[in-house]
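Trainee: Residue-level listing of the chains:
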Amino acid sequence: MPLETATGAVRTGLIAFAFLSYLILIGIPGRIGGPALPVLALIAALFFWLKLRRESNEPSREATGQRQDSFDDKPGWEIGPRAASKGSRLRDLLHTHSGTAPILYGLLAGLTTGLLIAIVSGIFAAAMGNGIAIQPVLDKIVPLNVAALIGVSPGQIAQSDVSFIRFIFQVLLFAGAGVLAGLTAAGGGYGLKQAAFLDRLTTHLSGATLTSAGRFAGMALPFVLLAYIAWLGLPGVTAFGTNEGTVRLLLTLIATGSGLFTLRLSRPGREQMAVAVLLGLGVFSMPFILDQFQNSVMGLVFIFVMMGLGLNIVVGYAGLLDLGYVAFFAIGAYTYAFLSAPFSSPYISGLLILLGISPESPLLGYWMALPVAMLTAAVGGILLGIPVLRLRGDYLAIVTLGFGEIIRLFMLNLGELTNGPRGILEISQPALFGHTPVDVTFGLLSSQGWIFLLALVSSALVAFVATRLNESRLGRAWFAMQEDEDVAEATGVHLVRTKLLAFAIGATFAGMAGQLYAARQINIFPENFSLFVSIDALALIIVGGIGSPAGIVLGALALKGLPEVLRGVDEYRIVTFAALLVIMMIVRPDGILPSARRRIQSPDPEEAGAAGEPELREEDPGLRENGEALAKGAGVREEDP
Amino acid sequence: MTSSPVKAQAAGTDGRAALKQFTRALGVAIVLLVIWRVTTVGLAEGYPVSFWISQALNGLVLGGVYALVALGYTLVYGILFMINFAHGEVMMIGGITGFFALQFAQARGWMEGPWPVVVVALLLIMFVGMAASVVIGVTLERLAYRPLRQAPRLVPLISAIGASLFLQYSVLLIFGVSPHSYRKPALISGGLRLGDVFIPYTGAIIFVTSILLMLALFFIIQRTKLGRAMRAVAEDRSTASLMGVDVNAVIVVTFMLGSALAGAAGVMLGFHNTVVKFNSGFIPGLKAFTAAVLGGIGNIPGAMFGALILGLIEAIGPSALGIPTEYKDVIAFTLLVLILIFRPTGLFGEVLSEKKA
Amino acid sequence: MTALLSIQQVTKVFGGLTAVDSVDLDIAERSITSLIGPNGAGKTTLFNCMTGLHRPEGGEILFSGRSLIGLRPDEIIDRGVARTYQNIRLFGRMTALENVLVGQHLRLQASHWSAVLRTSRQQAEERAAREFGRELLDFVGLSGREEVVSTNLPYGDQRLLEVARALGSRPSLLLLDEPAAGMNPSETDSMMDLVHRLRDEKGITVFLIEHDMKVVMSISESVAVLDYGEKIAEGTPEEVRSNARVIEAYLGPEVAVQEAAVKAVH
Amino acid sequence: MAKRLAIVSLFLVAALMLAACAAAPPAAEAPAEEAPMEEAAADMSGKVVIASGSMIRIGGSFALTGPIPDPGLNIRHGAELAVDDLNAMGGLEGFMFELVAEDGACDGTQGTNVGNKFAADETIVAVTGGTCSGETFGLVPILQEARIPFVSPSATNPDITSADCDVCNRVALSDALQGATDAAFVVSDLGITTVAVVHDNSDYGKGLAEIFQNNVMEMGGEVTGFEGVQVGDTDFRALLAKVGADGPQAIFFGGYSTEAGLIAQQMTETPGLEETAFMSVDGAYTKQYLEAAGDASEGTYISFVAGADSEEMNAEFDAKYMEKYGVSPDDLGPFHSQSYDSVKLLAAAIAAVASVDDSGNLVIDREELISAIRSVDAFEGLTGTIKCDSMGECGAGGVQIFQVMDGDFSQVSGFGME
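Protein chains in written order, with my numbering: chain A, 69 to 709; chain B, 95 to 451; chain C, 80 to 345; chain D, 3 to 420.
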């Protein structure tokens, strides 16, 4: 084995060790308990295998003479056209590593990892055995964790009763994991099949090819899942023990998400129409099928879908980066709260008494308050819009962020008006024919189901309006403005009006969402409207696929739904979510379900500008300038001196 | 042709001129209002001069910290045009590491030694904090940002937000939820008392060190080969690479510089305010970002002055305007909005803005 | 013949540099006028002043007798002055047809509510706009390329698409900024043909900046020359070609003297 | 195309729904909803049937993430120890207890989610939590509808318990008592007449600060300033300079330990405040406060809500805590004893109403359990002898005032002292 490969293997081992150390430090072994060690070894094996797969791609790249440019240093996860080349890469893997090389590679990497893990766990064990508590420094390094890491009982750690064999065993286990990875990669058969299957699957998901049987199976998935969820919900049916609620939620999320893919898989025309109607029926039946927990989560998901759709108008369509979108959400929520809560704010109560209205009964019901909340939010949108008309890019981002914070701070500090941090309590619920939904539907629809249903209806409405507007001349003007503001203006787009419309419409939708949120929460507090809501809304449209309503639904399912499923691992919830967010961005930067327009865009606008015209690319400085302007999301404008 | 071009013309010209007039009048009105308010409050409260000096010093120290962090934002922005949202967390890592280094030094008894030992130990602690920040900053660049260099600009932002949360909660999981309290050595506890003005030693150190570090940075960027390469990459990445500049290396160095400054800020803030925990980088990070934008993002002197102005406003604003201090962030953000309305590219941002904003 | 566009004493200063210095120029209706000059002479700046991107420090620009000074770009195009750009600035991610539809933006009347409800009027208007868009693409020679995303179009076609987009606003004056730059000879020929057809078939007055002297000389009825922001010559192509100051501006003083000497010898 | 069709179809359904709703009279008569809520409750009021071999599941909503994860974790530990103790004593009729811990994140949204999760899980008998008042407000309406009683160990907002809510209980003492006691101590015992009040803008801190302020003014004291900070702030020098300019004799802070400690420390660096007394509340009764304040903590006053606890029980608890989690309970924050008591209290109430049926299942009637909690009388807990009143106030003991001396809290006034 050449020296280069050996150092590569050691490096791989070190990286695996770094990753495993992280897991150990955050207390994963203790959490897994007894079988922690094999689990860690398996994780290492998986990592080695992935690494082997990637390393084996290198020679083929060199062979074809393609120097890997530092700029497109992207992992080979692309789907679509590039996926086709993967098959050949895999074949290369078999050729280059046909012998014992990968096994030795895996062995070396595994030995490195195992040795380090053994040393570190030995140090921990020795320290604890001698009565030194590491925990005050490293919170999760408790005896339980270290014990699980070595595969003994905590008592043995405390008494320094850990035989040396244990550490040898640790090293051997990881070495074995490395060999396993090497075998899998070299043996090829298994690895190739699995990889090819994954490749095929991703190709299918992107809608390139699919046999009709597979297609129908895929299309049936959401309905099968829905049926299963409904069956699970029947009285007397139990499965998954105490996790049933969580499992059902997960299935609900998958069913809803796969429905969106189903729509993409179906053939345009009558088939699609039928599928759409069926899916619509399926989705609208959910509030009646799910239990309170799933309904409440799905309600929140669709409230965020509304937010996402509104923010998408501002960010996705008009290209105005807004980090303070929560402001309008808050305005909608507080407007409704003022109107509907038996409220003790001195100012408002005083005003009401002055007007001869009892402050104890709500002023307006949900439906009457809806236009008020929307209008207030829209006015807020315009008020924010006017001062920021001239700002571009990141300047806009920070000002909107500031605006969001200002609104929150006012809600927090204007105690006489908003009740300050104690919030507004007992906000009334939306009525159905003047009664509670539980009564009208004879218990079929729970209060949370009703909220979910309302969120669904409102989201559908918002999606409809947003899509229609985007397909009209206003949508074209937004898009033109996003592409090149100066040229758009010189082509006849009234920038002020167009921008303000984007802000106002986006804000209106957020106001609707805020009102529903207030109704869902019943009590609202300024802390519900922190910067993180804006970040969540932005993240979900980007994760889902900016500009694409289906993507936004998917993004909301992933970002607001999945964390609820991950409740079981409570303290690891946010770390997992954050890591997924980063990985997601690297693996699919265009989002899970990107919009058609978005997909056309090549990754770097600068390159895209030149791609169409290779022969002229160096000569014409203007072209570059043009590309650069696009790259910065703004045109080139000299400020009037 | 539209139905009534004449009317449109009249409305257009008048409207535009009126808007400009209105903005200008608004600006003057706001300035006058603020002056009036400050004067009346000042007269009514009758704070002594020493009070204003104290507040200004508080503001300058705060501004010094913001400046060190803001430079990291601005450096990265100048070169990659991305907001490194996790930069505040890089600072926090510096602070946390500095805490453990201090623990170590205390256990060795270095903190009770003669003053040269203490000074060397303090410098070492700061260096360790900076090194940890550099490691995290560079890792961040390698894992979370480099793969996204060609992606639309929102994508690295989201990745950065993910990284920010990841770092925060990893620190929470690894080092626990409790805040870590720095124990200042006797050498730098207390402060200088000049009449009614009190200058904490740590505050003075922060201010002086941040100025020195910024000067060093300025020197690196203006006078060294490395600085030239950085400026070239900032100007045009692909041309720079054609000219033989190793773009990746320059970007890594940029992250190293920014992270080192943030790490230094983290350690010094630890000594000054004595408490660090997993989320203690977030708010200063946000403020520093605001400061960077205030000064004109991508512009190094801009970040420095923006940060000092922001610090001063936060410290003096509530007293001067006679409103409760919980509105200090409102004042800071309102100032930002106002400045950007009248100077859409920040205080010092025009040079870059023409090309990149 | 009255001037459709009248530029009077227009001056534009950037910092200390006077980019356009008291330029006077009249453009006759249904004429084809070229603006030439060395790089940096202020030609594009003059265009920018005319389309509202820059506000000149002094002077007056009259279009159909009414001032354009102080109007926003979208108001100016509403008056009937449309333009293309030297460094092509298409809406890159839009299809060719969409680009032209944006060009028609301010000629469409349907309200946004009607777009949400898809009223028959709005639908009819959209259909008409698409029809007109196709016609324009046909006119500039881009038929069949409607659905191509504009960055994916060949360079020459991108220039043509810019013209089509400008035509979408139904202008009476079209400003072309180096329409033939970077084109091969056959593309240049078809661009020249297009300029003629613009005037002859659509009745549009064309005012263009161009570097390619062959183009300038063969299509212009009138040529104006800028150098260091000043207008140094104006007249028919022939007059301008033999103007000594123009030769000097283009070729430098020594060359001009030599040329004159050569001419004298002949 | 595909998308449009889907959206059109969704819209059709949506339009129908909306039309139906719009036709309905507005919900202005919404008070009517409260009655149905109770009716619905009656329908749902079932019995929890726990098959033999299954666990008695008690939900817990703890602020494990969010602004104050430290006290949240501490409270969770307290509840876990209570469950351990219950099970070590053999559980109830052979049935073991299980704590279903969820992250309420000190946030209303999360509180609502947690509440809905518990409400949907018919095996949840009762709930301990939430940690913060905001989070608890998220739980209240949902648990009320689901007829699941809860006992909060630490939500001190006076509005948590009300006549409308029969499932709402707490072992924490309402802030009203502490604020009044603190004011009396400052004005009467210390003889201070001018006080500046600072709070951390949380519902807890600001609420206490306001109660304190009102009481001080009623007693004839002068409040020279009322200022807020943010949880997570670390530099209070500007604020203190402003507060100090009025020359108050004392500063009162409503909030948690870190901010309290930093304010105490930075006061020593503020001209005019070097000698000023500092007082804070139970949120700051922790080791963290002492650490954050450093030497500046000497002589400061902290109030705490404590019970007539038996030293013995508490020492035993502290030892178990130390053994299981490796830290002393006070390191992480207050309210661990209350949390322990809340679970034990629930268990006692459950024991009072549970019965084993013929097939060996444990049956607990929800309505009976709800009233059983209210009728708890003389339950011996860590915080003292607990007695619940008809509003669900089960807090035992009273307010103690401590002064920091030689780096530790020593009681100077209040409950338990002469």
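Simulated from the structure, these hints should not be mistaken for lab results.
You may find that some hints are simply not true.
If you only want the chain A side, here are some residues facing chain D, beta carbon under 8 Å, derived [said to hold, decoys possible]:
#  : residue
1  : Ser221
2  : Gln224
3  : Thr306
4  : Thr310
5  : Asn311
6  : Val315
7  : Val365
8  : Leu485
9  : Pro489
10 : Arg588
11 : Gln589
12 : Glu632
Partial chain C-side listing against chain A, Cβ under 7 Å, derived [claimed, not checked]:
#  : residue
13 : Leu104
14 : Phe170
15 : Leu185
16 : Gln188
17 : Thr198
The C-beta atom is built at its ideal place from N, Cα and C for all residues, glycine as well.
Trainee: Evaluate each hint against the coordinates.
Mentor: Evaluated hints:
Restraint check, A/Ser221 versus chain D: the minimum CB separation of about 16 Å is more than 8 Å; hint violated. Violation of the interface hint for A/Gln224 is found here, the shortest Cβ-Cβ separation to chain D being roughly 17 Å, above the 8 Å cut-off. For A/Thr306, the shortest C-beta to C-beta distance to chain D is roughly 10 Å, which exceeds 8 Å, and the interface hint is violated. Here the hint on A/Thr310 is kept, as its CB sits about 7 Å from the closest CB of chain D, short of 8 Å.
Interface restraint check for A/Asn311: the shortest CB-CB distance to chain D comes to about 10 Å, outside 8 Å, so the restraint is violated. Taking 8 Å as the C-beta contact cut-off toward chain D, the hint placing A/Val315 at the interface is violated, the least distance being around 12 Å. About 7 Å separates the beta-carbon of A/Val365 from the nearest beta-carbon of chain D, less than 8 Å, and the hint is met. For A/Leu485, the interface hint is violated, since its Cβ never comes within 8 Å of a Cβ in chain D; the closest pair sits about 15 Å apart.
Residue-level restraint check for A/Pro489 holds (minimum Cβ-Cβ distance to chain D is 4 Å; threshold 8 Å). Given hint, A/Arg588 at the interface with chain D, holds; its Cβ is 7 Å from that chain's nearest Cβ, closer than 8 Å. Of the supplied interface hints, the one on A/Gln589 holds, with its beta-carbon coming within about 6 Å of a beta-carbon of chain D, less than 8 Å. Here the hint on A/Glu632 is kept, as its CB sits about 6 Å from the closest CB of chain D, short of 8 Å.
A hinted interface residue such as C/Leu104 counts as satisfied when its beta carbon comes closer than 7 Å to some beta carbon of chain A; here the least separation is about 20 Å, so the hint is violated. Hint status for C/Phe170 relative to chain A: holds, with the closest Cβ pair at about 4 Å, below 7 Å. Because the beta carbon of C/Leu185 sits about 4 Å from the nearest beta carbon in chain A, less than 7 Å, this interface hint is met. Nearest Cβ of chain A to the Cβ of C/Gln188: about 9 Å, over the 7 Å cut. The hint is violated.
For the restraint placing C/Thr198 at the interface with chain A, the shortest Cβ-Cβ distance is roughly 11 Å, beyond the 7 Å limit, so the hint is violated.
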